[in-house]
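Dock chain A against chain X, hints included.
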Amino acid sequence: MATYQEFIQQNEDRDGVRCSWNLWPSSRLEATRLVVPVSCLYTPLKERPDLPPVQYEPVLCSRANCKAVLNPLCQVDFRAKIWACNFCFQRNSFPPSYAGISEVNQPAELMPQFSTIEYIVQRGPPTPLIFLYVVDTCLEEEDLQALKESLQMSLSLLPPNALVGLITFGRMIQIHELSCEGIAKSYVFRGTKELTPKQIQEMLGLMKPATSGQQGKPLAPHDAAAASCIFLQPVQAVDMNLTDLLGELQRDPWPVPQGKRPLRSTGIALSIAIGLLEGTFPNTGARVMLFTGGPPTQGPGMVVGDELKTPIRSWHDIQKDNARHLKKATKYYEALANRAAVNGHSVDIYACALDQTGLLEMKCLSNLTGGHIVMGDSFNTSLFKQTFQRVFSKDYNGEFRMAFGGTLEVKTSRELKISGAIGPCVSLNTKGPCVSDNEMGVGGTCQWKICSLTPATTLAMYFEVVNQHNAPVPQGGRGAVQFVTQYQHSNTQRRIRVTTIARNWADAQSQIQHIESSFDQEASAVLMARLGVFRAFSEEGPDVLRWLDRQLIRLCQKFGQFNKDDQNSFRLSESLSLYPQFMFHLRRSPFLQVFNNSPDESSYYRHHFVRQDLTQSLIMIQPILYSYSFYGPPEPVLLDSSSILPDRILLMDTFFQLVIYHGETIAQWRKAGYQEMAEYENFKQLLQAPLDDAQEILQTRFPMPRYIDTEHGGSQARFLLSKVNPSQTHNNLYAWGQESGAPILTDDVSLQVFMDHLKKLAVSSAA
Amino acid sequence: MARYGMQRSALTHNVAFCAGNQEHGWNDPPQFSYGSQKDSGGPKRNILNKRVHAPQFTGSGAEMPSPSVAMPTPPRGMNPPPMDSITPPSVCPKTPSDGKMETEPSFEDVQEPLYGALNACRHTVKKQICDDVERRLKLFEDMWKSGKLSHLVKHRMHRLSQDLKRKNWDAADEIHRGLMVDHVAEVSQWMVGVKRLIAEARSLNPEQNICTDPGS
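Protein sequence lines correspond, in order, to chains X and A.
Be aware that the first sequence starts at 1, since it is given in my numbering, and climbs by one per residue.
Be aware that the second sequence starts at 1, since it is given in my numbering, and climbs by one per residue.
These aren't lab readings, by the way, just hints derived from the structure by calculation.
Every value quoted in this text rests on a predicted model; they were computed, and no experiment measured them.
Certain hints may be false.
Claimed, not checked - Interface residues of chain A toward chain X, partial, derived using beta-carbon atoms under 7 Å:
no., residue
1, Asp28
2, Gly35
3, Ile47
4, Pro82
5, Gly178
6, Val184
7, Arg202
8, Leu204
9, Pro206
Even for Gly, the Cβ is constructed at its ideal location relative to N, Cα and C.
Isolated chain X (complex conformation) (with noise of 0.2 Å):
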């Protein structure tokens, strides 16, 4: 419905929130019934360019257990200066600096355009930010050597004052000393030994001595710092003697037998890196930032043992059970990641090999604190260099968009429950009385820590509404939430978001139409998704795809208009058109089939889903298809196999690739050379044109897809066609008469025959 889609875009520019459902159902029992949950996808760190930030703190309700932020929802007495808290209705003085307020001179907080708001407050002194170099050093030469770039030209991206330490490991663990003078000094570790944060700090004098009997205490904080001083220093005092440093650094000298790989004690170097940051700046915005070129090989966390002979682990193995470090090395990582989220430091994985580096056990450092995971073939390549270059990337303001030590709290109104949050964060086990007994994601919570934040960071919000069944629709008939996002800028500065969001009450039995003419099948898709995805990381693949069909059947049940057993009558209006197509498209996407990846690459896929926003989620479930022609502008096509033909070159965007194909005819021109020929310009032209759309996608996005240019036959068309709706298989190919399109090679169900199928479910009373 064209009001609704209006409604639903104003409301993303605003507040940066997409929600399943616009029209909440009033009871419990109707929003089961619904079967997508009454949920949210939520951009904290939005960029809201036109958004100023208000210098003053935030006003808060007095009851102890609600203190939630004055809001447009709230109603104000402006002659009594009293206003009354949307969410528990206590009545509230304002504070004396509001003692100017009336209707014509509100605050900017009380203004319904400022449902987002940003609030910028003092809290403490201000803490530089820590950037700490974890690094492989078991890499060929020529790698190392770009690698070593790479670091030195990131020391001119960072922030002058930022704080920077530098860590590298193969067989051994050296933790330099950063210093303006004098010779270079490293501490070593061994590879093997696994020490306890205790015993880290120890070692590295960041404890007082023990006396006589006594435990070694940890310094007080302005002495932890100042003994840290030697291994954190800031860039703008270390970066000629760290750029030297780094510019020496050599390969690991341990000889690597015929046969082996090289010894990478991986595990302790993050144990040492975090150890340090937890004894020396806890609560401080941190990023361990992990540079590997292959799996960890020795000691604790190691994913698999230095005999090549032995590969490493796949799909398969671990199916069979035949992982043998899996576990003992996931629960390692595990332990390690929540040790830095606990202190508000995040972890970034940049791997960069031709087979894979252990992701699958080090997931959890990047998926618990935010970080990022960077998978390359190399650190020659420009797909590493220009994505770590944009890690460093500002903004329309000159600042960095990154942010850190972010917590978000979630606060509803009595109808609504919070049952949990899918995305980069950790549950910080905050009870109360908005928090729902029933989980879905990171649940039992109404605070989360996202130790590092993009302003592309999106959390998915589930709820559950708790109303009982035929109860009155509340009075005011919205229910409300409010998100609290408190985090320290790049510069610096501490600052609050808070996003207030309210929507009708309707009741599902004399209402249902308008609930489904609410319905948002983007969002929707997505949130689904994200449970899907979530619910892959424990359950077995056949039974989340089960999960999926069943949550779609039902939904074509409740919603398609039909008769019984007459699969040809079934219809679902525009507001649920689209939703089963996406579905069918996640289904056969790489994060929920593992077929034809490594466990790495289905880890990678999988990190960046559950954290990305709607529109590149939605590229990434359903990849976009553009098609470039002589007979008309450049447009958007089906992703099917009929799209694909001799005359037309296609663009296709999945969010880690971007694919050029080039029709057979195309391509037979290409290689005639007609581009070279002055009166074929506009074959050139057309040529060209892709690429120019291709370049804004390829000079923002973060990480840097990889680029596909290829042809009908090339081998690496596979790209394209493995996406495409293959409406036309081996199978079929006669029995539509006219070939139009190529036909693809797979016994993969079409979209048609998906669709026939779920008709005819739909429609079945057997059901």
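Frame of chain X; chain A shown alone:
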């Protein structure tokens, strides 16, 4: 093929970049210059954002799959592409504005403001740091004189030194960053000295922060 296409794009869009590393990374994307990746703050074009959806439930009742675009396919034989009947637009590439066509700057021109700034710092900044900066400036000189630096680096360093002379700290800093990102292999050993020089000179003259157009 990709390389060819990308070079054309570089000319028409004045975006200096090269193809990605095809040897070590399959499907490596092309490399863009630092300047072209910055957010200018304008509205995102976001041109590739539309989908066509399979018309499954529009009520037509048809069981046929979504129709493909009903365009005639050209004959399978190797006929040439359709010729443009109108004269093609002129495609003279835009002259790059960073002075590639100009003669190379002299090293003395570049050196003078750098050493000028260094000497100004000697009174307040520690000797060791000044010596370190000087060592790197000498390395820069060696590389320049032995032909190890490309045209582009020399021109940009010339602009940087002019900005340094005029006390345009932000502009100089931006050029240093651009050089580190785009030409790290050539500059990494000595550029950090220039970076430190800009920072120290800036702290001596904090009020002078006019950011004029680097090209002026």
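Quick rundown of the hints versus the structure:
Residue-level restraint check for Asp28/A holds (minimum Cβ-Cβ distance to chain X is 5 Å; threshold 7 Å). Checking Gly35/A against chain X: minimum C-beta separation of about 11 Å lies over 7 Å; hint violated. Checking Ile47/A against chain X by beta carbon gives a least distance of about 6 Å; that is within 7 Å, so the hint holds. Look at Pro82/A: its Cβ gets to within about 6 Å of chain X, closer than 7 Å, so that hint holds up.
Proximity of Gly178/A to chain X is violated relative to the hint, the smallest CB-CB distance being about 10 Å (cut-off 7 Å). Here the hint on Val184/A is kept, as its CB sits about 4 Å from the closest CB of chain X, short of 7 Å. The restraint placing Arg202/A at the interface with chain X is violated, with a minimum CB-CB distance near 10 Å, outside the 7 Å limit. Hint on Leu204/A is violated. Least Cβ distance to chain X is approximately 14 Å, over the 7 Å limit.
Look at Pro206/A: its Cβ only gets to about 14 Å from chain X, farther than 7 Å, so that hint breaks.
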